[in-house]
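**Student:** Each chain, letter by letter, is given below.
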Amino acid sequence: MFTTYMRVNSTNMFSSFLLLLSPVLLQDQERDPVGRVTAYRLDHVETLQGDALEKVVILVRDGMIERIGQAVIVPRGAEVVDLRGKGATAMPPFVLSHATSLQTATRGRGRNAKYRGIDTVWLSKEDTLKDYLERGVLLASIDPPGSGFPGRTSVVRTTASLPVPEALVDDLHLKVTVEANRSAMELLRSAFKDADSAIEKEKQAKLDWEKARKEWEEKQKSKAEEAKKKDSEKKEAGKDGGKDGAAKDADGKDADGKNGKDGKEEDKEPPKEFTPPKIDANLEPILDWVRKERVAQVWLDSASEWVHWQDVLKDQELSWELVLSHGSSHNFHEVIDDIAQAGVRVDIPAQIAKQTRYTRIRINLAAELVAAGLEKLILRPSRSGVRGVDSWRVGVAALVREGLDRQIALKAMTLEPAASIGQEEIVGPLIVGAAANFIILDGDPLDPLAEVLMVIEDGKRVYDREKEEDR
Amino acid sequence: MNRQMRKQNWLTALAVLLFLFGLGRALPAQEEEPLEEPAEIEVETPPPAEETEEAEPEAVEVAEESVYLAIVGGDIHSVTDGVTRKGIVLCKNGRILKVGRRVRIPKDARVIDATGMRVYPGLIAVDTSGFMRGSGASSRDGFDPFSLMVDLGLAGGLTTVHGSHAIGKLTRGSLEGMLVGTTPWVRLSWSSTSPSGRRSLRASFQIVRDYLRAERAQALDKELGEEVDELKEPKGLNKDHLRLLRGEAMARFSANSLKDLSGICDLLEEFPMQSVIFGGREAWACAGRLGRVNARLVLTPRSKQMADKRVNRPSGWSIENARKLWDAGVEFAILPSQKSISTGGIAGRDLLTLPMEAAFAIRGGLPQKAALRAITLDAAKILGMADRLGSIQVGKDADLIICDGDLFDYRTFVQWAVVNGAVVYDKQAMPYFAHIRPRPEPQKVIEAITDALKGDKVEEESAPTEGGEADAPEASVTPAESSTKKEPQD
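Listed in order, the protein sequences are those of chains A and B. Last residue of the first sequence: 471 (the numbering used here), numbering continuous. Last residue of the second sequence: 1490 (the numbering used here), numbering continuous.
A portion of the hints provided could be inaccurate.
[As the list claims (entries may be wrong)] Computed far set for chain A versus chain B, every beta-carbon distance over 12 Å:
#1 Arg-182
#2 Glu-186
#3 Ala-195
#4 Ala-227
#5 Lys-376
#6 Arg-387
#7 Pro-429
#8 Ile-431
#9 Val-462
[Stated by the list, open to error] Label pairs and their computed distance ranges (CB to CB):
#10 B/Glu-1176 with A/Asp-405: 33 to 39 Å
#11 B/Glu-1176 with A/Glu-425: 50 to 56 Å
#12 A/Leu-318 with B/Ser-1135: 28 to 34 Å
#13 A/Ile-361 with B/Arg-1187: 43 to 49 Å
#14 A/Glu-273 with B/Asn-1093: 40 to 46 Å
#15 A/Lys-354 with B/Ala-1137: 31 to 37 Å
#16 A/Glu-202 with B/Arg-1187: 45 to 51 Å
#17 B/Ser-1135 with A/Glu-273: 35 to 41 Å
#18 A/Glu-186 with B/Asp-1409: 44 to 50 Å
#19 A/Pro-270 with B/Glu-1227: 54 to 60 Å
#20 A/Glu-284 with B/Asn-1093: 38 to 44 Å
#21 B/Ala-1137 with A/Leu-449: 29 to 35 Å
Hints in this document: simulated from the structure, not taken from any laboratory. Backbone N, C-alpha and C fix where the C-beta goes; we use that ideal spot for every residue, glycine too.
Just need the whole structure built from these sequences, with the hints factored in.
**Tutor:** Take a look at the structure:
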């Protein structure tokens, strides 16, 4: 008998043989003592790594995907969720790159980098987060409102406890908005300038400190030696232990020095650890960014703003991602190649752009960016709020219908936004060993009629449509 | 002695060697030349051999970094140096490198076949609105290089616009080289209806003049070695007016009536300074005076006002206004009544049809070349940019328009616009006018020219290229049919 589970992906003779055998095997399997095992029997799985799988069983144990494939032996006693025959499709959960409806605060333009997205969260209804969860969204990134440098983004789980959701990550990307006008551009330029001067200041302060420390140490040493000499001359005895002795001597001299005129200043010990000069809280995140310790999220509304962004960025090598909105101009097609060549992650609304001047021409910006060589694409709902999430899949479906690769499109709603917020561990491809975070829909994810049946987070069913309806 | 002789011998030998070396280097260059010569269209005045020898290595050395654009076969209306029929304009890195009938084109140049077309300097419009946002140097931050206004401006032949104290080029798709300069004009108000305003203006200028005189006297004293006290600035010294009288700034007036214009002439006679007068509807009646005070004008030839029958002097508008000013030697620019591009309708009185406004002045007797100057070089002069803009001359900015006919013909369209040596507008590639009298066939890139540079076969002494008019007696080189290709569309 088989004592271990087997998984075979390919549809060869062997696997079909196993498939036939599986019900028999199931009975003979011993109950697993280690943990709760759940087997999801599904019609399709969009693993988002390689091809989609058909007629699949996903075996979940201890919050992990233990097995996934067509011929999975389900251990005895495992809970079996059989969704076959309904077109049930599993895929990684959606990740919302900008959950704007979760916040209320408004802020104008300026350097407000000290604020965090999570600070502005205010849930209008108790079940706002749940609305997202019901639509298959597991993670949502919240960016601070306002323009210029409005603050830093945060990430929440849609399963977070209420009423104040705890942030999964509270301090992430620096949000930067670009506008083509003098004051907005001046804001960017002055930020770079101030960051540079702060870096320079810190460098200088460190040099000063190092110099002061060195001088002081040397002075102490020579004083200690002098003292030693005196001591040895007087008593011709005593061997002091290196550092301790020196320190003691130093302390002693310090006390003595007070009598001298300028001894107080000279003998004051510089701090042992260098403390960098205090930096304005609104400048600090910008400084992190300039030091390449933080990623910026650069918001653009038009091709013009892209040109201005490139103009202000010059040759600086910073890490940044783009968030594009069509605005009123709908003219990003003018700079598709430039954007694709920049090699950054690009977040665009799942919406076919109109080209304002050629009113009959529709631009599939996503598809064209990918064709131009863009590798990291995020598609976000084109409208904010829960309604936006409702029409999200429809928008993406339109992009796929008009030329965008399906796999890229699905990744752009799940894996890419997760990668953007550094949560690949939570939302990644459905493979063995990955965290059991996935959603099950009752049809093709890009079918507008398909609905989310279940959301599984760390192996737990955090949303189950049937149960909700029963309630 | 002997030692010196030996030294001399050595020197002679060295000189001979150097000469031979130089000859050896020069000879192959002479051999190469005939191969490359037939590249170009006209062989009218062969340039001196030295020049080509100098130019050649330069072109080869920097070929990789430099961006070349050649406009070949069109009639070049240079504004300053007359018309070159079927000539070539070669642009390098945004500047005009060469103009003429016989110009060697580098291999990697982008070539526009302008056969049968006319090449003009890009048009310049003074005091526009809507092209840039912001004021002065900050206009660059507010410039949208993809805006509809930029496209339509280029379609109307404009390459440089002025407004809100900034001079900007319509660099579509880029901010590079967009801001040309600023015009910190001093706006002076001179109105016949405000005697107190006139009085205070004159008083201020008198203070400035006295101060300048004292300054000059002091400088003279200093030169003579006399001890002088520090000159104190008088009370009420207007710094702007000081700049005006020092010739560091330009005064900007607005005046239409003869009364106001004469008053401004009075002021300028008393206090000579650079000036530009906007309006000038009745300027024809005092053209001579305006010329004598060296005033520049910005006219709107179609701005009409009936004569005032109550006054016993010339009044009202005149179709001959521009012509009379031209005769009096007054420099002027032309501006339509609408200072922007109106998308509300095809009214024909906005900046989309600047040459039509100038054409109206031609109707009133203004020579065509003067009308062209008014919307190119003279406008550039008013903006203080005549050293860079306004004509097709070597060294100037490569801002050009290529039109399918006479600029002042109502049927003429701009086919291509070039700003800073880059093609920023192509009628066939843009949706606005592509469907109206489309270009007969896609213009060809004369690849034969580059082939010829390589020394490939070139037909010589054949018929002119398509579109070539019968009035061209000179023979031209037609690119081999097989080696022509479609002009890449932007």
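**Student:** A separate judgement is required for each hint: does it hold in the structure or not?
**Tutor:** Against the structure, the hints come out as follows:
Non-interface status of A/Arg-182 relative to chain B is broken: a Cβ of that chain comes within 12 Å, the nearest being about 4 Å off. A/Glu-186, annotated as away from the interface, has a beta carbon of chain B within 12 Å; the closest lies near 7 Å. Every CB of chain B is more than 12 Å from the CB of A/Ala-195 (nearest about 20 Å), matching its label as outside the interface. Taking the minimum C-beta to C-beta distance to chain B, about 64 Å, the non-interface status of A/Ala-227 holds against the 12 Å cut.
For A/Lys-376, the requirement that its beta carbon stay farther than 12 Å from each beta carbon of chain B is met, with the minimum near 25 Å. For A/Arg-387, the shortest C-beta to C-beta distance to chain B comes to about 31 Å, beyond the 12 Å cut-off, and the non-interface label holds. With 12 Å as the threshold on Cβ separation, the claim that A/Pro-429 sits away from chain B holds: the shortest Cβ distance comes to roughly 38 Å. The beta carbon of A/Ile-431 is kept farther than 12 Å from every beta carbon of chain B, the shortest such distance being approximately 44 Å.
Residue placement check: A/Val-462 keeps its beta carbon more than 12 Å from all beta carbons of chain B (closest about 46 Å). Evaluation of the 33 to 39 Å hint for B/Glu-1176 and A/Asp-405 yields a pass: the beta carbon distance comes to about 35 Å. Taking 50 to 56 Å as the suggested C-beta distance range, the pair B/Glu-1176 and A/Glu-425 does not conform, at roughly 44 Å. A hinted range of 28 to 34 Å holds for the C-beta pair A/Leu-318 and B/Ser-1135, which are about 30 Å apart.
Checked against the hint of 43 to 49 Å, the C-beta distance between A/Ile-361 and B/Arg-1187 comes to roughly 45 Å, which is consistent with it. Checked against the given bound of 40 to 46 Å, the beta carbons of A/Glu-273 and B/Asn-1093, roughly 54 Å apart, lie outside it. Distance hint check: the CB atoms of A/Lys-354 and B/Ala-1137 are about 34 Å apart, consistent with the given range 31 to 37 Å. In this structure, A/Glu-202 and B/Arg-1187 meet the distance hint of 45 to 51 Å, their C-beta atoms being roughly 48 Å apart.
Range check, B/Ser-1135 to A/Glu-273: about 50 Å between beta-carbon atoms, so the 35 to 41 Å window is missed. Take A/Glu-186 and B/Asp-1409: their Cβ atoms lie about 46 Å apart, and the range 44 to 50 Å holds. At roughly 57 Å, the beta carbons of A/Pro-270 and B/Glu-1227 sit within the given window of 54 to 60 Å. Roughly 43 Å separates the CB atoms of A/Glu-284 and B/Asn-1093, a value that falls within the hinted 38 to 44 Å.
Look at B/Ala-1137 against A/Leu-449: about 57 Å separates their beta carbons, and that is not inside 29 to 35 Å.
Checked against the numbered hints given earlier, this structure breaks hints 1, 2, 11, 14, 17, 21; the rest are met.
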